[in-house]
Every structure is written in C-alpha cells, then in structure tokens.
Amino acid sequence: MDIVFERIDDQAAQLRRLMIAFGVLAMAGLLATWWVVEKGIWVTGMYTRVPWGLQIVMAVYYIGLSAGSLVISGLYGVFGKQEYKPFARIAVYVAMLFLIAGLLSILTDQGRLDRVFVEPFVHFNLQSMFSINPILYIGHILICVVYLWALFTERKKLTTVVATLAFGWAFCVHSGTGAIFGFGARMLYESPLLPASFVAAAMASGTALMILLIVGLFKATKRHVDDELIIWLGRFLAVCILVVVYFLALENAYRAYVVELREAAIYYLFDGFHGALFWFGLGIVGLFIPMFILFRRKTGTSIRWIVIASVLVVFGVLCERYVIVLPGLTHPAELFPGMTVVGSALEEGVVSYSVSIVEVLQALGVFGVIGFLFVFGLRVFKLLPTEARALNNQSSSESGP
Amino acid sequence: MDRRDFIKVAGGTLLAGASCAYAFRFLNDTFGVQAGEGVQLSGRRWGMVIDLTRCRSGCTTCMEACRVENNVGLHGDIRWDNHWIRKVKLKSKHAAGEAEKEVILLCNHCDKPPCAQVCPVQATYKRHDGIVIVDHHRCIGCRYCMIACPYNARQFNFVDTEDWLNKEHPKRSHGVAEACTLCAHRLDVGRIPACVEACCNVGAEALFVGDMNDPESEVSRLIATNAVKRIREDLGTEPKVHYIGL
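Sequences listed follow chains A and B, in order. Each residue of the first sequence is one higher than the one before, counting from 1 in the numbering used here. Each residue of the second sequence is one higher than the one before, counting from 1 in the numbering used here.
In isolation and in its complexed conformation, chain B is listed as follows:
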C-alpha cells in the first residue's frame, strides 16, 4: 500500500466512522430520548394533573400567578397578548342542555414534541426531565413551532414586554417564541410551579405537578386512580398534562 492508498483508506474510514457516529446520535435523539418510555437521565419525568372537578369557575389565580412569576406580557390587545396558561370555556355541540365547562390549557410538555422537531436551530428542546423549553438566546423567531404545535400553546413575543414584575426571572425581547416552562427554574430548586402554588393558596388544589417516573408521587397516584384524559391523545405527541373530569 503506497502513501496515496493509505490516505484514501484512512480518510474513507474516518468519514464512514464519523457518519455512523452522527447517524447513531441522530437516531438516538429522534427515537431514543423522545420516546419517553425509558427512564430519563435525570431520573425524573415531570408531568401535570389538572383536576377540573376542583377548578373554580371564573377563577384566574393560576394565570395571574404565572404572569407575575414569568413576566408574561399583556399588551392590551387579544391578538398579541401572551398566555402561558389560559382557561377556555367549552360547550357541547351535541347535548344542548349540558353545562359549559372550563378547561385550563398550557404547554403539554409532550414526550414527542412537534415544536422541538421543527425548530431549525434546536432552540426548543426537551430536557432530560421531560420539560419542553425554549432557549430564548438561540431562537431566531421563525414561528415554525407555533405552526407545529397542535395545542396552540406556543406564544410569540410580537411586542416588547414593558413590565418586569419578577426581577429574578428574565423577560424576553420581542421576536422570540415562548411557552410554559412548567416553572423549571422553580422545580430545579425544589419549589412547585407558581400556578400550582397559587391554586393551593386559594384552597382549590386543582393543579398537581410531580415526577411521573416515581410511582409514589401525587401525580402518579392521581393518574393511576382516576380516569384521566389527555388532549388529542390521538395525535401521538404523548402530552404529559393529564385531566380529571374532562
């Protein structure tokens, strides 16, 4: 083997090896981490249970707490106001006499998040503990995640947020996407999310956040002992927000 052949073989081997490594990483990222059935590296898999039977009609405590905690912008125009958590009022199309129902909506922190799949810069990603999060310093503001999210949970900072209610938490510049972070900054230091705390404070106790990998956690118990539903489970996104009484 002369020097030229050696360089060819070595180069080819290196290229093939690098390609295999990249392909393995790509497949692992796609089908491994996002599959959700395995134990996450951190060991935790945060999920939420919303007990609609305990949620009080007209109460917006959770929304207000979220807004203050996370500096979520209100601009006085429904088109550009951001809501990381919101309430919708539903009416049955078929049963005329059926009472209206209020449902709390927020990011479902899907195990297979379409928003993360389409993000061209991987600014939206799923943490190892299952929380779907946006890196606001990387987001280019293409809004593809808003298109891909089937739950309308993605928000965009169309306007600069004036108020900075919680100085301990950053506010976002205009031009980047955002959504509920499940108050990851609080969970990381052992505190519960602001919406859950506020709901407990008013005595409703309709919101629960916990480790779905821990069979002893409150959320695991509620999921195991109630007929829980998730929104549009048929889409296969594996949402981690569970509803009692939906």
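With the rest of the complex left out, here is chain A:
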C-alpha cells in the first residue's frame, strides 16, 4: 500500500491564527527572558538555596516528550511495523521540536546567555553531564533531520539505519538527562536508577503525547486513522506506565529503607506541595487512573478513554519532572550529622520554592516557539498521511522499511 503524505492546505486560515497565537506566546517568553538577562536571575524567584527552577523542570520534561520519536522509530524503523509508518514523519518532526524546546529552556535559564553559544563548545568538559548532554541533544536533532530526510525521500535502507541510530541515541539522550540528577551528590538526587527511570517516564510521556497528536490532528484535518493503531499505542503506554511505577516504587522503597536516607524519603513523599504532587498529580492522576483506563478492556479499547489516559500521563510526567528537580534542592544537604543549624546568614534547613510569573512566561515562550514551528511544519512539509490503516485493513501489505 502506498501512503500518501500531504501538507495541510485546506485550513490555512486556522493555521495562521494558531501561528499568531504561538507567536504571541513566543514574544512573551522573549520579553521575560530579556527581563531576566537585564536584571539578573533573581527576578525568576530562584535563589542561593534553590538555584534551579521551572526552566530546568520544563527542559527535562520537553526532552522526555521527544521520546515519541523513539517509540515510533522503534516500531517502524527498527521492528518493521509497517502500519506505523504514517506516523513516522510527524513523530520525528515533533521529537526534533521538543529537543529544540529542551535546549531553549536550558539556554534561557543561563546566567550569561551571551556566553552560551561559544564557551560550552570551546571548553568542553567530558566529566560534566551538562557538557555531554548538549552534544547528545544536538546530535539527536541532527539525526532527526537526517531521519526526516530519509522518510521524505523514501530511502528505505537509510531509514532503517537512521531509525536504529535514533533509537539508540535517544536512550543515551534520556539516560544522560536523568544522569544530571542521578549523578548529583544530593540526598534526593543521587541514584543510579534515575537515568533508567527517566527513560521509562520519557517513553510514557512521549507515547502519550503522540497518541494525543495523532488523534487530534487526524480528527481536526478529517483524516482516517484505524482504532487498532491507537489501541496498540495505548497498550504500549500502559506497559510504559507499569515500568515507571516499578522504578518509582524501587527508588522510594530504597530511600525509605536506608536509615541514612529515611528522613529525606519522608520529606520527599509527604512534605508540602511536592508531596501532594507526587501522590495526587503523579501517583493517582498521572499513573494509577491511566493504568486503570488502559488495562480495563472496555476503556482500553475506546479511543476517547485512551485520549483521556494520555492527557493524564502527559500531566503526570510533568509532575514527575517537578518532583525530580525541586525537592532535591529544597531539602538541605546534611553538613553536620547529629546537629541542627539554629542560626546562619544563609537560609539553612528545609526551604521553599514557588514558581514565579517570569518563569511561567519563559516556559510559555518556549512552548510558543515550538508550537509555531509545529504549525509551520504542518503547513509547509508533507508530514501527515491522508489516512492510517492497520495492516489487516490494508489492501496489500509491505514488509519493513
């Protein structure tokens, strides 16, 4: 069966309106970033004890969302599931955009934006995850470009090679991002499980996002997509959620079991806003309810319910990214075991952090940039197929790419 890909030509006015809306967001983000560059990072609300905030949360979240291409490239390019070929172009394009979003979030979080484009490449430090990761991200963006080119020009052999490379590279990208925290010497960061757990959550959120995009785009552009394809992705999402739950349980059980880490584990699980986010945002809303929906036969085979589950997972993983980054900072490093700090010129002990409006504007700005590029891509490139059918519904089948 030949799959015909098309630009979206018939809804130009709506797309233009969307591009204007995203453009406005991008401008708001640009203004917020200019304000930060001009005045200093204090305007974001970050401070000595909490030097990372929403931008880093969003950076790791965006990077994780790009894993949609990992799934699609794995299904089509690596494992030869021909029926997922219709989604390959859009998955890779979106992956590229989210990697750009991750990079933009990191860039706009730097204290000296003017140095970011030169210094990291001139004075590379192989021992720093912050030095290795941009190389991984830029590498992945380039691989996505080649992958897209292979898909656009229908080069089957190259597609297989690049898809396999993208699959492996994406594992490095997501492990590397998890390692920023996993290799950090803080009680709530240090964990070799974190990179693996990060990959699992990335695959869950990436798959959920792809489900939302596929269903939404196909419906909005009145194209046909077979339910079986979405149901299978839903099942895959359910398995990813199970793996995330397993890693989270293991990590927290370890922290709660080891005497040295128990106090930190209790803080992580039960204290304040992040505790609520962990149990309700991530646990119940982001993992348990979607799992219930996806594993139950009746709801797990309903596109409407799969979409609801996907929305919840995308939200849940955002909560997960927040609870990875922030509690590790607000919880103090124990400098004097057996002692309590009762007076200091700095804030010692447990501190607080709240998201500021400037950070929200910056995050929205980055979203605006990739939203604009996404709509632009739909308008300019042949990203969407006219239809997507499951193998048994196709008139003739092909083997892998």
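Please keep in mind that the hints were generated in silico from the structure rather than gathered at the bench. It cannot be assumed that every hint is accurate.
Stretches of chain B that chain A covers, calculated by requiring three or more beta carbons in the stretch to come under 8 Å of a beta carbon on chain A [claimed, not checked]: (1) 84-96; (2) 119-133; (3) 143-154; (4) 158-166; (5) 174-181.
Backbone N, C-alpha and C define an ideal beta-carbon position, used for all residues, glycine too.
Assemble chain B onto chain A, guided by the hints.
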C-alpha cells in the same frame, strides 16, 4: 602500498595517536592532578585550619573583612546575599544540655572538587596549588556547581553588586557563580587572606592558612598535633579546610 592506502594508514595512525593523547590527558586530569596526594607543580598546596576553640562567639570580623576585600555582594535579602565565608550556629540533636556551637563555613577547596567536575565550561578549576577558583569571564551561569557542592559553599550573583569597596579587586556581574578564592590574589604576592588577617588583628588567631606540603608550616603543625576534623569527610571530596574543636 598505493597512495590511497598510504593516506588511510597515515590518517588512521594520526587519529589513533590524537585519541590516545587526548585520553591520556583526560585521565591524567581526572585522576592525576585531582588526586591531591602528589606534589603539585607549584610545590605548594594551600590549606586552612580553623580553631573553633579560639573563634569568638558573635564575632563576624572575618566575614566583614572578606566582604570588603572581595566585593562580596549584600543586597538586603537573605535569599540573594552572597557569603564567601559565613558562621552557622549548631545545636546537638541528641544532647539537650549541650551548648550551641558556632562554626565558620567557607569553600573547602576540595582536592576532588565536585563543582569543577560538573562545570560544563571548565570555568571552575583547581589551581596547581590546590585553590579552587572560578573564571568569571568564562562562567555561563548554569549553576550546576551549586547543585554539586555538598557544602553549600557556592554562591551566585543573582543581583548586580552595587558597592565596589575594594577597587583593586574586580566585582562580578550578575549571572556568574563565585566562592571563596582563599584570597588567591593575596597569597600569590605573599600576603595572607583577608579573613585570616582580620582574625589576627582582633587577637583571636583562630584562622590559619598555609602550605600543607610544607611540614614546617603552621597548618601542617596544627594538623599533625591536633585532633582535626573536616566536614563530611565521608563524601570523599578531600576538603582542605580543617577544624579544631568541631
């Protein structure tokens, strides 16, 4: 061997040689210079001893001297104020009657500094004399060093510093990290750090800086003859600030 083969062999050899050289340099940087047990190229290895038994309760002379000497910014908000050296008051969690204790905290100038390890642009590095320093002209302000430092010794210029108290020493723009330099600019010309000088001037003499490679130095003598402790030695960062009476 034709020309094509020759180019292949020569290119391969060159690439392999360059890779080996880089790998050797990398391993040497990682495990050689940072190991700290060897003699440094400059021959010196600066370290500090803080005698808490002589440190006066409530005295902040060292902090004030440091602030003036190094133009360390105070902005009237505890969240963004910078402190290269600070005092914390400690209370035992277990012995209810035990008196509170004041401890001076500053950069430990670790022999295996995690801040330098994570710096993506090598703006933070350990000098050959053991002082951990930030190149403010290279720092991109990612704040990864603050995350990595287990001692909360890293500071960040969230706000531009208005006051320029010591015109002989630069002040930093907002957006770069900083920490105690052990007054390297003074040590390099044979002067003692500002905090040590101020402590001597008030007669407390609780702070000592010296060459830990020199067995005759005051710090070496104090380390050898007292039960000194370092903060969180278990982390393996090999801090070079030693405490008497901690």
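Hint-by-hint comparison with the structure:
1. 84-96: holds (count 9)
2. 119-133: holds (count 5)
3. 143-154: holds (count 8)
4. 158-166: Answer holds; 3 residues pass the 8 Å Cβ test.
5. 174-181: holds (count 4)
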